[in-house]
Amino acid sequence: MALFISLFTISSGYAKTIGPSRLMLTTQDWAPYQFHQNTEMKGLAIDTVKCALGSISQPYQLTMTNWSEAQLRVQSGAQHGFFLASESQERNEYATLSAPIAKQTINWYFGSGVKPTINELSKLNLKFSAKFGSNKWFWLKRHGFNVIKQPRDATVLLTLLKRREIDIVLEDQRVFDNALESAGLAKDYFRSKHMETKQMGVYFSNQFLNEYSGFLDSFNSAVKKCKG
Numbered sequence: 001m002a003l004f005i006s007l008f009t010i011s012s013g014y015a016k017t018i019g020p021s022r023l024m025l026t027t028q029d030w031a032p033y034q035f036h037q038n039t040e041m042k043g044l045a046i047d048t049v050k051c052a053l054g055s056i057s058q059p060y061q062l063t064m065t066n067w068s069e070a071q072l073r074v075q076s077g078a079q080h081g082f083f084l085a086s087e088s089q090e091r092n093e094y095a096t097l098s099a100p101i102a103k104q105t106i107n108w109y110f111g112s113g114v115k116p117t118i119n120e121l122s123k124l125n126l127k128f129s130a131k132f133g134s135n136k137w138f139w140l141k142r143h144g145f146n147v148i149k150q151p152r153d154a155t156v157l158l159t160l161l162k163r164r165e166i167d168i169v170l171e172d173q174r175v176f177d178n179a180l181e182s183a184g185l186a187k188d189y190f191r192s193k194h195m196e197t198k199q200m201g202v203y204f205s206n207q208f209l210n211e212y213s214g215f216l217d218s219f220n221s222a223v224k225k226c227k228g
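First residue of the sequence shown: 1, per UniProt numbering; consecutive thereafter.
Since the hints were made in silico from the structure, they are not lab data.
Only a predicted model underlies this, so the values are computations on that prediction, with no experimental measurement involved.
Don't take each hint at face value.
Label pairs and their calculated CB-CB ranges [what the hints assert, rightly or not]:
no., residue 1, residue 2, range
1, E165, E87, 28 to 34 Å
2, T197, S55, 26 to 32 Å
3, S57, P116, 46 to 52 Å
4, E40, E87, 25 to 31 Å
30 Å max Cα-Cα, derived DSS-like pairs, lysine-lysine [to be verified]:
no., residue 1, residue 2
5, K187, K149
6, K162, K198
7, K193, K42
8, K103, K123
9, K123, K187
10, K50, K198
11, K193, K162
12, K198, K103
13, K127, K198
14, K103, K50
15, K198, K115
16, K115, K127
17, K225, K115
18, K115, K50
19, K123, K224
20, K162, K50
21, K198, K225
22, K193, K225
23, K149, K198
24, K149, K127
25, K115, K42
26, K187, K198
27, K187, K127
28, K141, K103
29, K141, K115
Built from N, CA and C at the ideal position, the CB exists for glycine as well.
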């Protein structure tokens, strides 16, 4: 079952906004970008999103749930947007990505005794995985990797990799480093290899953007100022 945690803010005074009376955004618990701590949402992405929405006087509600549910809520029209996310063809069919909020470094992580090499032989004979519902998980599936398990977070990925239930993991470097630190392990506990670097932002539903045509430009300008 999904976990829902909400945070509200209302703009001061009677400033006119270019968006709805309350913008509904959904996200996942994905430290260090966004996480729940002591009844408050915190993180690199949370700070930038809150700054941008505050600068354009946009009231909002943030909901934290699992990643698959977050995307489905936007696709169905129940929410206006989800974050943080990298661009994908599937998401572009129903939503539009904002200006970059954070840069994502994606690495391969190799279990003990696994050679740090990705080739046609290894992709079929070794066991791969990534966070379920992420671009990385679907990319592995589309490209013929032997994908097993449906891990919901980096902590589960780390545990499976340490136990060698999975041979190779594809994950965001900051997120995996955070999981290693929480587990009391050194950042170089697993051998790793850089795969690619992507930009991530907020995906706003196209239905929402059609209704509030000036919102995305204003939000993007605010994001750039907040990042500074």
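Going through the hints against the structure:
no.: 1; hint: E165 <-> E87: 28 to 34 Å; in the structure: holds (31 Å)
no.: 2; hint: T197 <-> S55: 26 to 32 Å; in the structure: holds (27 Å)
no.: 3; hint: S57 <-> P116: 46 to 52 Å; in the structure: holds (50 Å)
no.: 4; hint: E40 <-> E87: 25 to 31 Å; in the structure: holds (29 Å)
no.: 5; hint: K187 <-> K149; in the structure: holds (24 Å)
no.: 6; hint: K162 <-> K198; in the structure: holds (26 Å)
no.: 7; hint: K193 <-> K42; in the structure: holds (29 Å)
no.: 8; hint: K103 <-> K123; in the structure: holds (27 Å)
no.: 9; hint: K123 <-> K187; in the structure: holds (25 Å)
no.: 10; hint: K50 <-> K198; in the structure: holds (22 Å)
no.: 11; hint: K193 <-> K162; in the structure: holds (17 Å)
no.: 12; hint: K198 <-> K103; in the structure: holds (6 Å)
no.: 13; hint: K127 <-> K198; in the structure: holds (24 Å)
no.: 14; hint: K103 <-> K50; in the structure: holds (18 Å)
no.: 15; hint: K198 <-> K115; in the structure: holds (25 Å)
no.: 16; hint: K115 <-> K127; in the structure: holds (13 Å)
no.: 17; hint: K225 <-> K115; in the structure: violated (44 Å)
no.: 18; hint: K115 <-> K50; in the structure: violated (43 Å)
no.: 19; hint: K123 <-> K224; in the structure: violated (39 Å)
no.: 20; hint: K162 <-> K50; in the structure: violated (36 Å)
no.: 21; hint: K198 <-> K225; in the structure: holds (20 Å)
no.: 22; hint: K193 <-> K225; in the structure: violated (33 Å)
no.: 23; hint: K149 <-> K198; in the structure: holds (24 Å)
no.: 24; hint: K149 <-> K127; in the structure: holds (9 Å)
no.: 25; hint: K115 <-> K42; in the structure: violated (37 Å)
no.: 26; hint: K187 <-> K198; in the structure: holds (21 Å)
no.: 27; hint: K187 <-> K127; in the structure: holds (22 Å)
no.: 28; hint: K141 <-> K103; in the structure: holds (24 Å)
no.: 29; hint: K141 <-> K115; in the structure: holds (21 Å)
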